[in-house]
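Visitor: Sequence:
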Amino acid sequence: MEYYDPHTNKWNMCAPMCKRRGGVGVATCDGFLYAVGGHDAPASNHCSRLLDYVERYDPKTDTWTMVAPLSMPRDAVGVCILGDKLYAVGGYDGQTYLNTMESYDPQTNEWTQMASLNIGRAGACVVVIKQP
Numbered sequence: 048m049e050y051y052d053p054h055t056n057k058w059n060m061c062a063p064m065c066k067r068r069g070g071v072g073v074a075t076c077d078g079f080l081y082a083v084g085g086h087d088a089p090a091s092n093h094c095s096r097l098l099d100y101v102e103r104y105d106p107k108t109d110t111w112t113m114v115a116p117l118s119m120p121r122d123a124v125g126v127c128i129l130g131d132k133l134y135a136v137g138g139y140d141g142q143t144y145l146n147t148m149e150s151y152d153p154q155t156n157e158w159t160q161m162a163s164l165n166i167g168r169a170g171a172c173v174v175v176i177k178q179p
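If you want this note's numbering, it's the position in the sequence shown, counting the first as 1, plus 47.
Derived from the structure by calculation, the hints contain no laboratory data. Careful: at least some of the hints might be erroneous.
Quick list of in silico lysine to aspartate or glutamate cross-link-like pairs, DMTMM-like style, CA-CA up to 25 Å [to be verified]:
1. LYS66 with ASP105
2. LYS66 with ASP87
3. LYS107 with ASP140
4. LYS66 with GLU149
5. LYS177 with ASP140
6. LYS57 with ASP99
7. LYS132 with ASP152
8. LYS107 with ASP77
9. LYS132 with GLU149
10. LYS66 with GLU49
11. LYS57 with ASP105
12. LYS57 with ASP131
Go ahead and model the full structure; you've got the sequences and the hints to work with.
Guide: And the structure:
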């Protein structure tokens with residue numbers, strides 16, 4: 048993995064993830080970077096395996112740690128933070144665009160099923176908008 052340093056205008060290497068992947072959803076929560084789901088080979092490779100893995104990166108120690116897996120593999124999953132929870136929204140399971148959503152609690156290291164979307168989506172950008 049690489050990170051950008053705006054002070055030096057350079058990209059620098061940091062520790063690699065435990066599991067190499069593409070199509071991963073990412074978000075930051077409480078100073079950690081979370082890498083959620085994805086696939087383990089190029090998308091054009093029909094032998095590509097979809098992943099339920101979730102990893103947490105600690106920039107202070109430059110280390111990745113596996114945390115509780117998703118309830119199902121999700122490629123191209125949308126990820127965001129709302130409050131103190133990480134949300135995994137939609138994605139692709141190899142045959143279907145998923146309409147399911149689950150939330151991760153970093154305090155308990157557990158995923159919980161949430162209300163489903165009306166329509167399945169993959170590769171969606173998920174954001175939180177605070178109402179005035």
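Visitor: Confirm or reject each hint.
Guide: Now for the hints, and whether the structure bears them out:
Annotation: proposed proximity of LYS66 to ASP105 holds, straight-line Cα distance about 16 Å (limit 25 Å). This hinted pair checks out: LYS66 and ASP87 have alpha carbons roughly 8 Å apart, not beyond 25 Å. Our distance criterion of 25 Å between C-alpha atoms is broken by LYS107 and ASP140, whose separation comes to about 34 Å. Distance restraint check for LYS66 and GLU149: the Cα-Cα separation of roughly 21 Å lies within the 25 Å cut-off, and the hinted pair is therefore satisfied.
The suggested pairing of LYS177 with ASP140 is violated, with an alpha-carbon distance near 31 Å, which exceeds 25 Å. With a CA separation close to 32 Å, the supplied pair LYS57 and ASP99 exceeds the 25 Å bound. A hinted pair counts as satisfied when its Cα atoms are at most 25 Å apart, and LYS132 with ASP152 qualifies at roughly 5 Å. Of the supplied pair hints, the one linking LYS107 and ASP77 holds, its CA atoms being roughly 12 Å apart against a limit of 25 Å.
Only pairs whose Cα atoms come within 25 Å are accepted, and LYS132 paired with GLU149 is accepted, the gap being roughly 10 Å. Note on LYS66 and GLU49: the hinted pairing holds, with a Cα-Cα distance of about 15 Å set against a maximum of 25 Å. Between LYS57 and ASP105, the direct Cα distance comes to roughly 20 Å. Compliance with the 25 Å bound is thereby established for this hinted pair. Proposed proximity of LYS57 and ASP131 is contradicted: the alpha carbons are some 31 Å apart, above 25 Å.
The structure does not agree with the numbered hints 3, 5, 6, 12 stated previously, though it agrees with the rest.
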